[in-house]
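Use the sequences and the hints to build the structure in full.
Residue numbers for the sequence shown follow UniProt numbering, beginning at 1 and rising by one.
It is worth saying that the hints were derived from the structure and are not from the lab.
Where is the CB? At the ideal position from N, CA and C, for every residue including glycine.
Hints are supplied without guarantee of correctness; some may be wrong.
Unchecked claim - Now the in silico label distances, taken between C-beta atoms and shown as ranges:
hint: 1; residue 1: Gln443; residue 2: Arg390; range: 32 to 40 Å
hint: 2; residue 1: Asp360; residue 2: Ala236; range: 28 to 36 Å
hint: 3; residue 1: Arg169; residue 2: Ser243; range: 43 to 51 Å
hint: 4; residue 1: Glu46; residue 2: Val139; range: 47 to 55 Å
hint: 5; residue 1: Pro128; residue 2: Ile94; range: 48 to 56 Å
hint: 6; residue 1: Glu61; residue 2: Glu275; range: 34 to 42 Å
hint: 7; residue 1: Asp97; residue 2: Val142; range: 27 to 35 Å
hint: 8; residue 1: His181; residue 2: Pro118; range: 25 to 33 Å
hint: 9; residue 1: Asp279; residue 2: Asp140; range: 23 to 31 Å
To be verified - Derived DSBU-like pairs (lysine-lysine); straight-line CA-CA distance at most 35 Å:
hint: 10; residue 1: Lys45; residue 2: Lys263
hint: 11; residue 1: Lys231; residue 2: Lys3
hint: 12; residue 1: Lys411; residue 2: Lys3
hint: 13; residue 1: Lys304; residue 2: Lys48
hint: 14; residue 1: Lys115; residue 2: Lys159
hint: 15; residue 1: Lys248; residue 2: Lys226
hint: 16; residue 1: Lys25; residue 2: Lys411
hint: 17; residue 1: Lys413; residue 2: Lys263
hint: 18; residue 1: Lys304; residue 2: Lys63
hint: 19; residue 1: Lys16; residue 2: Lys159
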Amino acid sequence: MTKGVAGIGKTVLTQKFTLDWAEDKANQDIQFTFPFTFRELNVLKEEKYSLVELVDLFFSETKEAGICRFEEVAFIFDGLDECRLPLDFHNTEILTDVTESTSVDVLLTNLIRGKLFPSARLWITTRPAAANQILPEWVDMVTEVRGFTDPQKEEYFRKRFRDEEQASRIISHIKTSRSVHIMRYIPVFCWITATVLEDVLKTREGGELPRTLTEMYIHFLVVQSKVKNIKYDGRAETDPHWSPESRKMMESLGKLAFEQLQKGNLIFYESDLTECGIDIRAASVYSGVFTQILKEERGLYQDKVFCFVHLSIQEFLAALHVHLTFINSGVNLLAEDLTTSKWSEVLRDKSTCFSQTAVDMALQSPNGHLDLFLRFLLGLSLQTNQILLRGLLTQTESCSQTNQKTVEYIKKKISENLYVEGSINVFHCLNELNDCSLVEQIQQSLSSGSLSTDKLSPAQSSALVFILLSSEKDLDVFDLKKYSASEEALLRLLPVVKASNRALSQLPVL
1 MTKGVAGIGK
11 TVLTQKFTLD
21 WAEDKANQDI
31 QFTFPFTFRE
41 LNVLKEEKYS
51 LVELVDLFFS
61 ETKEAGICRF
71 EEVAFIFDGL
81 DECRLPLDFH
91 NTEILTDVTE
101 STSVDVLLTN
111 LIRGKLFPSA
121 RLWITTRPAA
131 ANQILPEWVD
141 MVTEVRGFTD
151 PQKEEYFRKR
161 FRDEEQASRI
171 ISHIKTSRSV
181 HIMRYIPVFC
191 WITATVLEDV
201 LKTREGGELP
211 RTLTEMYIHF
221 LVVQSKVKNI
231 KYDGRAETDP
241 HWSPESRKMM
251 ESLGKLAFEQ
261 LQKGNLIFYE
271 SDLTECGIDI
281 RAASVYSGVF
291 TQILKEERGL
301 YQDKVFCFVH
311 LSIQEFLAAL
321 HVHLTFINSG
331 VNLLAEDLTT
341 SKWSEVLRDK
351 STCFSQTAVD
361 MALQSPNGHL
371 DLFLRFLLGL
381 SLQTNQILLR
391 GLLTQTESCS
401 QTNQKTVEYI
411 KKKISENLYV
421 EGSINVFHCL
431 NELNDCSLVE
441 QIQQSLSSGS
451 LSTDKLSPAQ
461 SSALVFILLS
471 SEKDLDVFDL
481 KKYSASEEAL
491 LRLLPVVKAS
501 NRALSQLPVL
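Written out as structure tokens, the structure is:
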């Protein structure tokens, strides 16, 4: 099994493996390699096939050649996190015959458990949140795609920006912006960053560059709107970015993004678009105009499959939809079972209630799938970010007092000894709200040499982890002896150990 966050390069890795095998460059002990994607297999949810028939369906050459017996075979299943098949590993019938027809989910569960075709090699890719669907006892090896190293990030931006001075300014800016810098290992995020900064440098000579994640994604949305206006609508670059038509389009895409995020879906079919009020005939226009936001693919039987270019874009649009709905109508989509008036009885300040509901909802998520969504939602509460969306927002609502209450609520949550990953994410949220007080406190202690991890509160420990993880440089060697003398302190520093290439410790077993 290979794990990795969205956009890190898992699919490209499987494609490279298949290409090298096909060109006789590697893995020549394998007789056949059959790459599948879960988004294609989803279409076959109601169908029945034998394993041989399934292979013949996707790879007609095997049928034409009359191949029905395989020996050294590798099956690749890309995107377990996109699977909509009911994979039940405990109550599924046992299948051992490759020529016996059954549902696709039964085929897959028996393949994975080693009951069907036990000599076959399986390679499954997935986002980390979905990896626990398959029990460890059925997995021989787990690998992780880690993304760009520091030299690779720099190489990417220097290739994208031929102007040496411009490239150096962008690289320097990314290193000094904590929110942006910590995402830089994801290739797709580097592309989004480059797209935004290229436009900003063109239109704001010597101006301030985006510093937070929310600001970066707002600019990305505006850039795509400008492209549509100029390329497709024949408008001038100085014309307003948002027309009634494009506003309606973004509302529909936002609704789609939010509803599917709640269900944990990254890919959508025509029925999903219809439910969000998107005309199927216009779907191709959506993906053609906003090609950098929503893309259309052809699956098995040429069925249309839609997905956002990157999960983070879906999360941003989902947050924008929730924010717009609350600002325009007072409806809190995160607590639809309670009316706005009921919330007002509980808390006089609806905005504070709205933000705190979002924080609680994200922290209660079992797999962290709302982490980025929360960062974006809180970032959108800043007036500076709402000004950037002028034209898309019909009204703005920002209150420094409300934001300060949200900051205090987040700090309270951190002090409650949150699990490490949760506390790290809410530090990102504080960053989006422009509050760095806890981080600055720890940085001062680090600089003065007075830091003792055994005496740190949970909030201070989390701040230390956040600082180390968002360091300008890759962690080659992490010396635990500097920071931890107790088991509890060590446990809090485990995310840093994972991010480093090598860790030094006085403990006998790490």
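Results for each hint:
1. At about 35 Å, the beta-carbon gap between Gln443 and Arg390 stays in the expected band of 32 to 40 Å.
2. Look at Asp360 against Ala236: about 46 Å separates their beta carbons, and that is not inside 28 to 36 Å.
3. Between Arg169 and Ser243 the CB atoms are about 33 Å apart, so this pair departs from the stated range of 43 to 51 Å.
4. Between Glu46 and Val139, the C-beta spacing of about 29 Å breaks the proposed range 47 to 55 Å.
5. The hinted range of 48 to 56 Å is not satisfied by Pro128 and Ile94, whose Cβ atoms lie roughly 29 Å apart.
6. For Glu61 and Glu275, the hinted distance range of 34 to 42 Å is satisfied, since their beta carbons lie about 38 Å from each other.
7. Checked against the hint of 27 to 35 Å, the C-beta distance between Asp97 and Val142 comes to roughly 30 Å, which is consistent with it.
8. Between His181 and Pro118 the CB atoms are about 46 Å apart, so this pair departs from the stated range of 25 to 33 Å.
9. As the Cβ distance of Asp279 to Asp140 is approximately 47 Å, the hint placing it in 23 to 31 Å is violated.
10. Taking the CA atoms of Lys45 and Lys263, the gap is about 18 Å. The hint holds against a cut of 35 Å.
11. Between Lys231 and Lys3 the CA atoms are separated by roughly 38 Å; this puts the pair beyond 35 Å, and the hint is violated.
12. In summary, the hint linking Lys411 to Lys3 is supported, as the alpha carbons are separated by about 31 Å, within the 35 Å threshold.
13. Proximity of Lys304 to Lys48 is assessed by CA-CA distance (about 21 Å); at most 35 Å being required, the pair is judged to hold.
14. For the given pair, Lys115 sits about 49 Å from Lys159 by alpha-carbon distance, which is inconsistent with the 35 Å threshold.
15. Our distance criterion of 35 Å between C-alpha atoms is met by Lys248 and Lys226, whose separation comes to about 16 Å.
16. Between Lys25 and Lys411, the direct Cα distance comes to roughly 54 Å. Violation of the 35 Å bound is thereby established for this hinted pair.
17. Taking the CA atoms of Lys413 and Lys263, the gap is near 26 Å; set against the 35 Å cutoff, the hint holds.
18. Among the hinted pairs, Lys304 with Lys63 is consistent with the structure: their alpha-carbon atoms are about 25 Å apart, no more than 35 Å.
19. Between Lys16 and Lys159 the CA atoms are separated by roughly 22 Å; this keeps the pair inside 35 Å, and the hint holds.
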